[in-house]
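Starting from the known structure of chain H, arrange chain D on it as the hints suggest.
As a plain string of letters, each chain reads:
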Amino acid sequence: MAVECKEYLDWLSDYVEGELDPELCAEIERHMAECGDCRIVVDTLRKTITLYRNYGHEEVPADARERLYAVLKLPRPAA
Amino acid sequence: MEQKPGASQAEEAALVQALKAGDEAAYVKMVERYSPTIYNLALRMTGNREEAEEVLQETFLSAFRAVGRFEGRSQLGTWLYRIAYNAAMMRLRRRQLPVTSIDAAEPNEDGEIIPRQLVDWGALPDEILLSGELRRMLDAAVASLPEGLRSVFVLRDIEGLSTAETAQVLGLSEANVKVRLHRARLALRERLSSYFATAAPGVTVGMPGGSYGGRM
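Chains as they are written, first to last, in the numbering used here: chain H, 1 to 79; chain D, 1001 to 1216.
One chain only, chain H, in its complex shape:
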């Protein structure tokens, strides 16, 4: 990554979440129009976040849920 790219690095999470100041946002977009490396970083950063948001969560296993209610002495609601 070029020195210029590193200056933008700190802002990329805010950028992909649309939380960035519009002026800085425009600056990053101007930079990305010329910098393939930064486009890749932004695209793959975005994909990383999406993957974990969509697939990172695990359901409590049914048997663990059953044991939880038994330990807590509560009636287990229908799943």
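Just so you know, these hints were derived from the structure itself, not from any lab. Check before you lean on any hint, since a few could be wrong.
Using 16 Å as the maximum straight-line C-alpha spacing, the simulated EDC-like pairs for lysine to aspartate or glutamate come out as follows [to be verified]:
| no. | chain 1 | residue 1 | chain 2 | residue 2 |
| --- | --- | --- | --- | --- |
| 1 | D | K1029 | D | E1012 |
| 2 | H | K73 | H | E27 |
| 3 | D | K1178 | H | D14 |
| 4 | H | K73 | D | D1023 |
| 5 | H | K6 | H | E34 |
| 6 | D | K1029 | D | E1051 |
| 7 | H | K73 | D | E1058 |
| 8 | H | K73 | D | E1032 |
| 9 | H | K6 | H | E29 |
| 10 | D | K1178 | H | D10 |
| 11 | D | K1178 | H | E29 |
| 12 | D | K1178 | H | E17 |
| 13 | H | K6 | H | E27 |
| 14 | D | K1020 | D | E1071 |
| 15 | H | K73 | D | E1024 |
Each pair of labels, with its calculated beta carbon distance range [said to hold, decoys possible]:
| no. | chain 1 | residue 1 | chain 2 | residue 2 | range |
| --- | --- | --- | --- | --- | --- |
| 16 | D | G1148 | H | P77 | 29 to 37 Å |
| 17 | D | Q1009 | H | A70 | 26 to 34 Å |
| 18 | D | A1010 | H | R30 | 17 to 25 Å |
| 19 | D | R1082 | H | A26 | 34 to 42 Å |
This structure is a prediction, so every number in the text was calculated from the model and none was measured. Ideal Cβ placement from N, Cα and C applies to all residues, glycine included.
Relative to the frame of chain H, chain D by itself:
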């Protein structure tokens, strides 16, 4: 401040009141509503299902004992997640694992993570990404994060808590949560990119100044 969907302030106040009155249905409601995030936080922090289950049980047993003293200064979920987080961290300490993993995505002196992997896998379809092997890789990548980044990442990006609530659960400032989240994401992006650079077919490796838009 964001609220979890379905948990308006008035509804939560009523739930807390019912809990204090010993209403069984209210206990069931609390367990149903907050178990998923407690379990996932515990699972990612301890790295194993048995311990995650034990933390889940311990959290509610502690909460049941203490709910009479819950003052509502934080949200009920925040309070429960904090109990769970502390329980998980106690376990890690007992195990005497190192506090941060050694090869945690090579931050520089300021703790900043500079992207080195410039593989363009952003357009790969999820079906390819989510084969069994890749799922294990996603899990392993989170597990490789230092604890201080992992807890923030799990609560913010996997469980969808707000910055403010994550800060309360972990006892951090909101600014600190944002910095840690960003570092966690960059570190994970790096891990995933390394994986795709060697393991996934059809990924175009970006060249410095190279063209955009890998095939797939």
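Verification of the supplied hints:
1. D:K1029 with D:E1012: Roughly 11 Å between the alpha carbons, so the hint for K1029 of chain D and E1012 of chain D holds.
2. H:K73 with H:E27: Given pair K73 of chain H, E27 of chain H is violated - Cα atoms ~58 Å apart, limit 16 Å.
3. D:K1178 with H:D14: 9 Å, holds
4. H:K73 with D:D1023: 13 Å, holds
5. H:K6 with H:E34: The hint holds at about 15 Å.
6. D:K1029 with D:E1051: 23 Å, violated
7. H:K73 with D:E1058: Given pair K73 of chain H, E1058 of chain D holds - Cα atoms ~13 Å apart, limit 16 Å.
8. H:K73 with D:E1032: 14 Å, holds
9. H:K6 with H:E29: Since the Cα atoms of K6 of chain H and E29 of chain H sit roughly 14 Å apart, the hinted pair holds (cutoff 16 Å).
10. D:K1178 with H:D10: 10 Å, holds
11. D:K1178 with H:E29: 22 Å, violated
12. D:K1178 with H:E17: Roughly 12 Å separates the two Cα atoms, so the pair holds.
13. H:K6 with H:E27: 14 Å, holds
14. D:K1020 with D:E1071: Satisfied, since the Cα-Cα distance of roughly 11 Å is no more than 16 Å.
15. H:K73 with D:E1024: 10 Å, holds
16. D:G1148 with H:P77: 29 to 37 Å: Check passed, 36 Å falls within 29 to 37 Å.
17. D:Q1009 with H:A70: 26 to 34 Å: 33 Å, holds
18. D:A1010 with H:R30: 17 to 25 Å: Violated, since A1010 of chain D and R30 of chain H (Cβ atoms, about 47 Å apart) do not stay within the stated range.
19. D:R1082 with H:A26: 34 to 42 Å: 40 Å, holds
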